[in-house]
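Asker: Chain by chain, the residues:
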Amino acid sequence: MTQALDQIFVLTKQWLLGFVPASAQPICSAILSVVPVLIGFPLLFAITTWLERKGLGRLQNRYGPNRTGPYGLFQPIADAIKSLTKEDIVPLTADHTVHFLAPVLLAAASFLGYAVLPIGRNMVLVNMNAGVLYFFAVGSVVELAVFMAGWSSRSKYSLLGAMRAIAQMISYEVPLVLASIVAIMQAGSLSTVAIVDKQAGYTGIWPHWFVFTPWGVVGFALFMIAATAESNRSPFDLPEGESEIIAGYYIEYSGFKFALFFLGEYLGMFATSGMAITLFLGGWSAPFSFLTWIPSYVWFFAKLLALIAGFIWIRGTLPRLRMDQLMSLAWEFILPMALLNMLDAGIWHFMPAGVLRWLVCTAIVAVPCVLLGQGLKRNKKFQVRTYQFAK
Amino acid sequence: MTVTFLILAVITVAGTAAAMGLRNAVHCVLALTVGFAGVAAIYLQLDAQFVGLTQIMVYVGAVAILAVFAIMMTHTPLPAKPPTYSSFWLLGSVVAAAVFAVLAWAICSSAASTQGLPPEPEVSVQQIGDALMHQFVLPLEIMGLLLTAALIGAVVIAMDRREETK
Amino acid sequence: MVGEGILKGLVETARNFFGSYVGKDRLTTVQYPEERLPQIEAARSFPFLVYDGPDWDKGMRCVACQICEKECPPKCILIKKSADKKPDAVGKPQFYPAVFNIDISVCMSCQICVEVCPFDAIKMDVDYDLSTDDRFGDLLLDKERLAKSNEYYNAIHPTEAAAVDAHFAEERAKAEAKAKAATEAKAAAEAKVAPAAQEQPVGGETQ
Amino acid sequence: MITDASPAAQPELEPLSETSEEQLLEIAMGPQHPSTHGVFRMNVVLDGEHVVRLKPVFGYLHRNHEKIAESETYLGSMPYTDRLDYMCPITNNWAYALAVEKLAGIQVPERAEYLRVIVGELTRLQNHACLIGFLMQDMGSSGTPLMYAFREREKILDLFESLTGARMMCNYMRFGGCRVDMPAGWLEQAQNVVREFPRFLDEYENLLVSNEILMERTQGVGVLSKELAINAGMSGPMARASGVNYDIRKVDKYSIYERFAFRVPLGAHGDVYDRYMIRFLEMRESLKILNEAMRDIPAGPIVDPKMRIRGFRPKPGEAYGRIESPKGELGFYLISNGSLNPYRYRVRPPSLINLTVLEDLCIGQNVADVVAILGSVDIVLGEVDR
Amino acid sequence: MSSLQSYLLLSALLFSIGLAGALTRRNAILVLIGIELMLNSANLNFIAFWRYGPAPAKLTGIMFAIFSISVAAAEAAVGLAIILAAYRHSKTTDLDQMNSLKG
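Chains as they are written, first to last, in my numbering: chain V, 1 to 391; chain B, 392 to 557; chain C, 558 to 764; chain G, 765 to 1150; chain R, 1151 to 1253.
Simulated from the structure, these hints should not be mistaken for lab results.
Bear in mind the structure is a predicted one, so any value in this text is a computation, not a measurement.
Even glycine gets a Cβ: it sits at the ideal position worked out from N, Cα and C.
Among the hints, erroneous ones may be present.
Unchecked claim - Here are the simulated EDC-like pairs of lysine to aspartate or glutamate, each with C-alpha atoms no more than 20 Å apart in a straight line:
#, chain 1, residue 1, chain 2, residue 2
1, G, K866, G, D1068
2, C, K642, C, D614
3, C, K565, G, E969
4, C, K627, G, E834
5, C, K581, G, D1068
6, G, K1017, G, E874
7, V, K54, C, D614
8, V, K391, G, D1068
What the hints assert, rightly or not - Here are a few chain G residues that face chain C, going by a calculated C-beta distance under 7 Å:
#, residue
9, S926
10, P962
11, D966
12, N970
13, N995
14, G997
15, D1124
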């Protein structure tokens, strides 16, 4: 029974495929796999915008949207209708073709990454041999779309925003890839399915997730920091810092194209979160062995929503970094830590299992982490100050 | 020669031709990325998955962005439009056409052209990694050295030496 | 330790997140059309003219002295004095406003007209959800639209209105005594007692 | 166009070199910009991301306040002063009332002075709380501190409303006192608000004071030296953050401020962090004043009984009345020729004077710092443009 | 015409396009891009020959392509850096104007 529930989507697809002739089966299979992703994740986007506005509202002691529908649940629909009916303004001097292509390319590129994400047991669009590489390769297309948007608008603000965005994305792609390498090293494969399978076992009730190792937790933290920067989320949302350069590269967009940018940004966030889940949080596997009866896709989306909640929480709390600080964080902290973490993962691999391995590997990452942090703090010379009063 | 190959070839050639022919430099680079992506797709079609993805990552994600950055940085705000093509464009085109003619003649008359498609080789990333670490370890090390040198060299060359000249 | 301050901030926002579900003091938003804040007595929106009795035109306290027109800082009041004098409640002939207009697109709700009025004839309303789609016609309030009854005034500003009423009652008693004395002295039969008892005579006090 | 947008880390505050003019990027921040705190424009010339020149452009909100006041009666200008610094109308009222009282030699009853101090310090609380919130908003913390500040401000505005009838355009002071006395139960309500305010300050402290990102963004940014602060005529928290011990409440001892035990916090660095911490500490000091004032408030009249509301003609002369408004030294200069309206009426707005150093603070900084620096100056365009 | 031939023809075409661009364009960056394109066509040749070659399991073609891509990336970075430096010096990227050694 639980088996059937777990595989219900796979079985449904098989059953549906039985009705089409054998020659059309590959293409039908592709359609049947792609369409749910094309529908499901935009739906998740709608839910996330609602969640974000509600969550941010509560963080800020407000109600958040509560007028459209019960608990404001129809707010995303209202937003969609609004953005669809808005006038689409293109600046007179803009490069019309590129201006039009940029949001389309961005949204399309954001969708591509989902092809290798295993969202459930046997539920992956393409089990690619070089899945993780594919993921990062299509991720780099987003930069091009951002540049197209910023350049074609012929606005100084959008150009400045695009330059910031590209500089930030390129800088954080390196730590993002380096942070994910530890999981690849341990799994011995670039295939996302193989990485998840490697984490699917249990010792007692505890899962074999990579995040429950010293290098795993550091890798996960670094990956999430880099992913936050990569998807332009607060506190790394400088490219669209609305208080500085207003909206960055998509300042000249309105209506549906603006909505596409919004969609692309959120899809990118889901994709990188999904990759973090795949690499470190055991993908679709349950957190405890006695919870495996819950279908695998439920676990995947539960983890995804938990990460999104974390994003929202951080967004509601932290101010934005500055460009040079962002860069120095990437190059002076995240990059050395990621390299060190790779070494740590290697040592973990070759040391015999036991308490000693734990101690050694924890020390290797924890001590430099603290030292680097202290060094950064001392270098920057910032501290909580005490103040004097006039006599 | 399959339909897929034809489509990809047309996209690639159109992209690269546009990249070399368009007036606006940024348009050229954007068109070029289409060409690069087309080449990557052809690699995938040829079962070279790893190379294809690397091609996208390096060319679309890095080289194109780098070129675009360079164009933005060397942008002169002068309104006067300089001519797009060099003064000896005719000579250049003739040379290029001649090269293509020679190459095409060579290919068409080559004996290698008679081969059929061998069965799909099983190339996993693990194999590539193994090969890089064993058989090709010396080239790999040299490549690492080269990339490091290029990184440092590029930074040194591009660095603004305004402070020193003062 | 780096990140300590960030963690503290995260804990604080989390506390507010959950606190907003528990405590009312964190979630201070008032869901406006459904629920409203309690009416505040001191509140002020735009001025209105007080009248006594059932007939707004007859019972209007304003005697068109034009002090408010002069003192209004943005000059949003227009008063045209009547040509004739109308015998007011006490019987004293007084001018009345032939035209009394307030342009509430100009009015800045400063309450100075209320403070300078010697006759307690103009007061501040508390109605705040006002809107119109007629930009020019609907924002110029004339005499009829400005007139509000004394009962309404009593309802929105009870303490203030009670003091005004007490003051008027005193004045009325004085005026009645005076009128009585006059009738007795003159012994004239024309007993021109106020037709409606509740119509208060408008006092002649200055400043 | 853009020159230094390369991904490599840029050294902080590198010495500016002679970049050729065409490589500079001039952007107009404002008048339609979310973080200019109103309709304000900064023409910023950037070299990469660094500010080379900055030209403030203002006057979009000019309403001819001073000239209108010269054709109004003395009282008629009182509601207009509400609209100068619309974040803290009561202190504007107070400064104007003080100037007129000086001009005409009017005494203010004891109870009215206490009332003035209470509402004045409440105004300071809400202004400083909101300012810190806005500053964080400018640095992109998606409005959370601002919303907390607004939550507290709401309580203070409720107090103002039940006292004066309006939340923001209070029009509360009168020459020789205040317009209305406290309604029943107001003092308890106010004491309640003051008692709960420290909880909000602790919340702020947890959220912001030791936040690493915030410290990195604000410490050493927009440094205003003590000399420049004095030479440019800075006042208020802006001057005190640079270490200038200048608080008009202590210097002039106007009203009844010498009766309260409060301290004046002084900054040592004069950067954005100091400017916002000084305001933070001032809120705590204001709470002390409020507690004492609400404990000691005597009974009595609230306005000078000799004062007439109409036909007020001060004898010819001139007077300058100033107070420590939340933003700095707010002064009104009046010349009377014995008629119903002032012959000359001049406002010394703290926002405008504090804004004059904006270019000095911003040059060499990052473009992202410009909004933080502008936020820390604490301007209200109603007061700057008048 | 067999499949290998068509791949080789495409590669030759790309090479010629790149060559034409490198020879005719005035913008130094686009000339560099033309050179990149020529490198790409060479890679395409490697991959095609590997796929149609007698021993695809040996991965030589793939290795060549990977190293070639790496070299191309390094070349692009250094080349663009040189162009930037030249631009700072002569304020132009026009090759017809960058014709004097003295600058």
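Asker: Please flag the earlier hints that this structure goes against, numbers listed from lowest up.
Answerer: Hints 5, 7, 8, 10, 11, 13, 14 and 15 are the ones this structure does not satisfy, whereas the remaining hints hold.
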